[in-house]
Amino acid sequence: MPQQRPTPLDLQSVEGPGAVALERAPGRKGLFATTLRGQPQAIIGLAVVILFILIAVFAPLIAPHSIHAKTGGIYEAPDSNHWLGTDDGGVDMFSLLVYGTRVSLEVGFAAALVAMVIGGAVGVISGFFGGWVDVVLMRITDIFLVIPDLPLIIVVAAVFGRHLINIIIIIGVIYWTSTARLIRAQVKSVRERVYVKRARSIGAGNNRLIFKHVVPQVAPLLIANTVLTIALAVFLETYITFLGLGDPSTISWGKLIENSFLGNAVLNNAWWAVVPPGVAVTIVILACTMVGQSMEDALNPRLRVGHLAVRRFRMRPLHGRLDSE
Amino acid sequence: MSVEPVLRTEDLHVWFDLVSGRELHAVQGVSLELRPGERLGLVGESGCGKTTTILALMGLLPSSASVAGKVFLDGEDILARGEETVSPHRWNDISMVFQGAMNAFNPVKTIGSQIVEPMELHGTASGKAARAQVRELLELVGISGDRADRYPHEFSGGMRQRAAIALALACEPKVLLADEPTTALDVMVQAQILELLVRLTRDLGLSMILVTHDLPVVAQVCDRAAVMYAGEIVEMGEMSAIYHEPRHPYTRMLFAATPDLLGGDDVLSIPGSPPRLDHDIVGCPFAPRCDSAFSPCATTHPRRLETSPGHEALCHLNDRLVAEASA
Amino acid sequence: MSDAAQTLLEVEGLVTRYPVPRGIVGAIARQEKLEVHAVEGVSFSVGPGEMVALVGESGCGKTSTAQTVARMVEHQAGSIRFRGREIGRLSSRALRPLRREIQMIYQDPYESLDPRFTVRDTVEEPLLVHGIGGKKRDRDTKVREALERAGLTPADLYIDRFPHELSGGQRQRVAIAASLVLDPKLLVADEPVSMLDVSVRAGILSLLDSLRKDGMGILMITHDLSTAAHFADRIAVMYLGRIVEEGPAKEVVRNPQHPYTRALISVVPKRDPREQTVPQILTGETPNPVHLPSGCRFHPRCPMVEDRCKTIDPELHRARESKVAEHRAACIVTAPG
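Here the protein sequences line up with chains A, B and C, keeping their order.
The first sequence begins at 1 in my numbering and counts up one residue at a time.
The second sequence begins at 326 in my numbering and counts up one residue at a time.
The third sequence begins at 653 in my numbering and counts up one residue at a time.
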C-alpha cells in the first residue's frame, strides 16, 4: 500500500480536519523534537554529550601519546608536545584525560541504566498495583534512601573489592530510589486515565495495561530522569575514585584527580594535573543536566512559568482590509 | 432614540504568534456595541474566538498576542496605547468572571480576603470600609455576609461561582464580562446564577457580555446576541430576531443542532469543522460546511450587511435582500 | 412479548456505597464511618433496540449506577441480570466473556484514547484481548468495519492517525468503534457528548440512535434533559441515589409528575427566546449524599412539601395524572399509589 498519508484537508467525510490542532504531538519522536525545538540549551547540552561520547569511542585515535609510557618529564608544564603537560609519572595528561573519558562515561551511563531499570520497575509495580505491594516497596525504598552513601560505598569496597562492576552497581543502588518515587507518582496518575480504565473495561489484563499503556506513557519521563541521573552518576564515580575507593586498574577522571593529590601536584604547582579532569566532569554534568532539564520541561509544560510574566500584548496598526467596508 | 453604547469595539483584530512562525488570526474584525444595562450574548463553538475577544477588551492577552482596532469605553479608546491605557480601567470599569473562576480561588485565603484584594489594589476602599463592602457584595450575590471569613473549600460550586461574581463586582465596574459562567454547573444552579446575573444588570445598571456555547442560555437571558464563527461575528441582533429570522446559515444550523426540550424537530449536526485560522481564508469561512452556499461564497468574503434595523449578518444570501430593499 | 430473556439488562434494588476515607486521625478519634450513598435502591431495565436515559444532576448517582452495571465498581446489594443471567457476583475471570457484550463509552473523548496508539491499535485492541480474528488480515477487516459503522468513512483516512490529529467528535467515534468491534449487545454511554461542540453532538447521538435501531440496547447517562427527551425511549430521573420518576421520554418531559422533575424542566432554557417558561428555581443545592434527609429525600427543597413527607420514603407508583401506566413517580402527593 503505497501512498503518502492524506493531509488533514482530505478528512472531509464526517467532519473535516481536526480544527485548531495546535497540540503538541505526543508521538514517539515527539519528545526529542519538542525538547530541542525552542530550547537552545538542550541542543548545546546534547552536542557536548555527543562530543564526549565520540572522544571516548575514538580515544585511541585522539590521544597523541600512550598512557602507559613515560613520554615526558615529571609534572612538565603544558607545551606543544604535551598540551596539558604531564603527570607525576611523566605520562601525557591530555591522553590521560581522553582515555579517562571512557571509564567516567561508562560508569555514568551504566550506573544510570541500573538505577533506571531498578527504579523504573519498582515505580511501575508500586504505582500500578498499589495496596500492600505499594506499601512494602515504598518502605524498602525508604530504607535505601536512608542508608548513608559514603559508609555504604566503603563497606562494599571493603567486602566486595574495588572492581568497576561493583562501583557501577553501588551507584545504581544509591540512585534508584528517587527514580522509583518519580515513576510511581506518574504511574498512579496514568492508571487513572480514562483510556486505561477503558482498556480494563474491555477486559485487558494487567500485563497488557502495564506494558502497552502505562510504560509507554512513563517512558519519556524515565528517560529524562535517567539523563539527569547520568550526571549524578558521573559525579559520584569521580567522588568515589577520588577518595581512593575506585578500581585501581582503571583510569577515570576521578582517578586523575586522586593521583594528582597523591602525587602532590599542588605543591608542585602542577595545575594541569588537577584542574582539567575537574573541568571535564563539570562540563559533562552540566551538559547532561541541560538536556535532562529540557526534556522534563518539554514533558511538563506546566513547569514553565514564563506565561506568568507581566502580560505585554502588542498593539499594531490595521493593515488595509481588502473587502468589508 | 438610541442611547450611547457603554462599550463599543471597532474592527478588533487579535493575532497570536505560533511556534511554526505563522500567526493565528484569532479575532478578525469584531465590531460590536454594548448598551447600558444590556445583556449581550456572544455565542460560538470552541475556537471561534469569543474568549479571545473579551480578553482583548480587558487587555488580558499574553506577549505572543498582537492587537489592532479600537475599544471604546464610554467614548474613550482604552486600547490606544495598549497596556498603558487599558490597565487603569481594569476592574474599575470593566471586569470579568473567567471560565472556571469557581476553581480559581486561592485555597489558603478566605473568600473575603480575596474579594478585598482588588479593592485595596485599586484604592477604591480599604480596612474596615472594605470589609463592610465585601459583606454587602456577598449579600448582593446571595451569600450570607458571615461567610466572608470562610475558605473556598467550604463553599459549594454554585456558591463559589457567586463569590467569583462578587469578586468581579468588587470595584463597581460598568461592564461585566462573563465567560461561560454556568458551563460546569448543574441546571438548577445554572438557573440560580443566570437569575442573579439578570438581577444585577437590572438593579445595578450593569452592562454584561455573556460568552457561551449554549444557545438556549443566551435565548433565555440575553437581550441581543452576536454569533461568532472563525474569528468573526457572522450575525448580530435582537434575540428573537436571531431565532425567528436568522440571516446566516450558521446561526440557523446551530439552532437546528441544539435539541429543544419540548420541540419535536430533528436534531441535525453540521458536517465538517471550522477552518484553520493560521491560513488566510478565501471567500466565506463557513462556505465548506454551509447548506446554502452558492457561487460567490467560495471566492468573495461576504460584506457586513444590515438586513433590518439592528440586525446584521455576514452572508451573501443577504446581498440580494439588501439590494432589493434599497431598490 | 417481554419475557426475562428478551430484556437485555434488568437491575433491581441496586445499592452502591463508597466509604468516606477517615484517615488515621479520624480512626483514632473514632469518627463514625461515613459512606457516600451513591445508589440507594435503583431498579430499571433496558431492552434490545431501546435507549434508556438516566438523568439527573451531579451527585444523583447516575454515573455510579452505570459503573456498577458495567461491573467496574462493586455494589453492596441488589441484582444485575444480563440476558436473564445474574452477573452481579461473577468473578473477573467469569466476567471476561461478558465484557464483549457490555461496552462502555466515556465522557471525555480527549482522554478515552491512548495518545500513543493509532486508531487501528485502539480499535484492534479489544480483538487482541479476546483472541478474536486469528489472522492480521481478518482483524484488519473487522477494524475497518467497526470504523465505518461508527461513521468514519472511508476507514483508510483515519486508520493510521493518532488521536491528536483528530477532532473531539472523531475521537469519540473511534472510541465507539472500539466498542463496536466486539459486537456488543448493550452500550453504556456516560455523557457521550457533553464535552463536544454543539454542532458535533447531533452526529454522535444520531449514530447511537442508528445503533439502537439495529437492535442494540443503550443505557445513556446524561444531565441534559433536552438530549434525553429527543433521543431516549424512556427516561429515569434520579435524585440522591433514587429514581424519582420514570416513564416514556416524551411523557416525562411534557407531563412531569414529580416536583423535582417539574422544577428541573421549568428551569431548562429553551431555544426560542419567546418561549421561556417561568423557572421554578429551587433554593440551595442538592445535599451531599453522605447525610441523607429523612423520609422523602427531596422534602427539604420541595415546593409541595407536606408534613408526612418528612417521615415517609415514597416508592414509585403510577402518578394520578399519568397518561400511561409505565409513567411512575416517587411522591406521596402526586403518586399516592
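Hints listed in this document are in silico derivations from the structure and should not be mistaken for laboratory results.
Source: prediction; values computed, not measured.
Glycine included, C-beta positions come from ideal geometry on N, C-alpha and C.
Careful, some of the hints might be misleading.
[As the list claims (entries may be wrong)] Derived lysine-lysine pairs resembling DSS-like cross-links, with alpha carbons at most 27 Å apart:
no.	chain 1	residue 1	chain 2	residue 2
1	C	K975	C	K865
2	A	K212	C	K787
3	A	K212	A	K188
4	C	K902	C	K865
5	C	K922	A	K212
6	C	K902	A	K197
7	C	K975	A	K197
8	A	K212	C	K902
9	C	K922	C	K902
10	C	K962	C	K922
11	A	K197	A	K212
12	C	K902	C	K794
13	C	K787	C	K865
14	C	K922	C	K837
15	C	K922	A	K197
16	C	K902	C	K962
17	C	K865	C	K788
18	C	K902	C	K975
[To be verified] The following residues of chain C were derived to be distant from chain A, with all beta-carbon distances above 10 Å:
no.	residue
19	R751
20	H782
21	K787
22	A827
23	S862
24	H969
field: Given hint K212/A paired with K922/C - CA-CA distance at most 27 Å
entry: Distance ~46 Å between K922/C and K212/A Cα, so the pair is violated.
field: Proposed proximity, K794/C with K902/C (alpha carbon, max 27 Å)
entry: Roughly 37 Å between the alpha carbons, so the hint for K902/C and K794/C is violated.
- prompt: Between K975/C and K865/C, is the straight-line Cα distance small enough, at 27 Å or below?
  reply: Holds: K975/C and K865/C sit about 26 Å apart, inside 27 Å.
Satisfaction of hint between K902/C and K922/C, Cα-Cα up to 27 Å: Measuring from Cα to Cα gives roughly 16 Å; hence the hint holds.
message: Given the hinted pair K975/C and K197/A, is their Cα-Cα distance within 27 Å?
response: With Cα atoms ~42 Å apart, K975/C and K197/A exceed 27 Å; violated.
message: Check the hint pairing K962/C with K922/C against an upper bound of 27 Å on the C-alpha distance.
response: violated (34 Å)
task: Beyond 10 Å from every chain A Cβ: check whether that's true for H969/C.
output: holds (36 Å)
- prompt: Quick one, are K865/C and K788/C close enough, alpha carbons at most 27 Å?
  reply: Given pair K865/C, K788/C is violated - Cα atoms ~31 Å apart, limit 27 Å.
message: Does K902/C sit within 27 Å of K212/A, going by the straight-line distance between their CA atoms?
response: Violated, at roughly 45 Å.
query: Taking only the CA atoms, is the gap from K197/A to K212/A under or equal to 27 Å?
result: holds (13 Å)
- prompt: Holds or violated: are the alpha carbons of K902/C and K197/A at most 27 Å from each other?
  reply: violated (34 Å)
- request: Below or equal to 27 Å on CA atoms is what counts here, so check K922/C against K837/C.
  value: violated (34 Å)
In this structure, the hints that do not hold are numbers 5, 6, 7, 8, 10, 12, 13, 14, 15, 16, 17, 19, 20, 22, in rising order.
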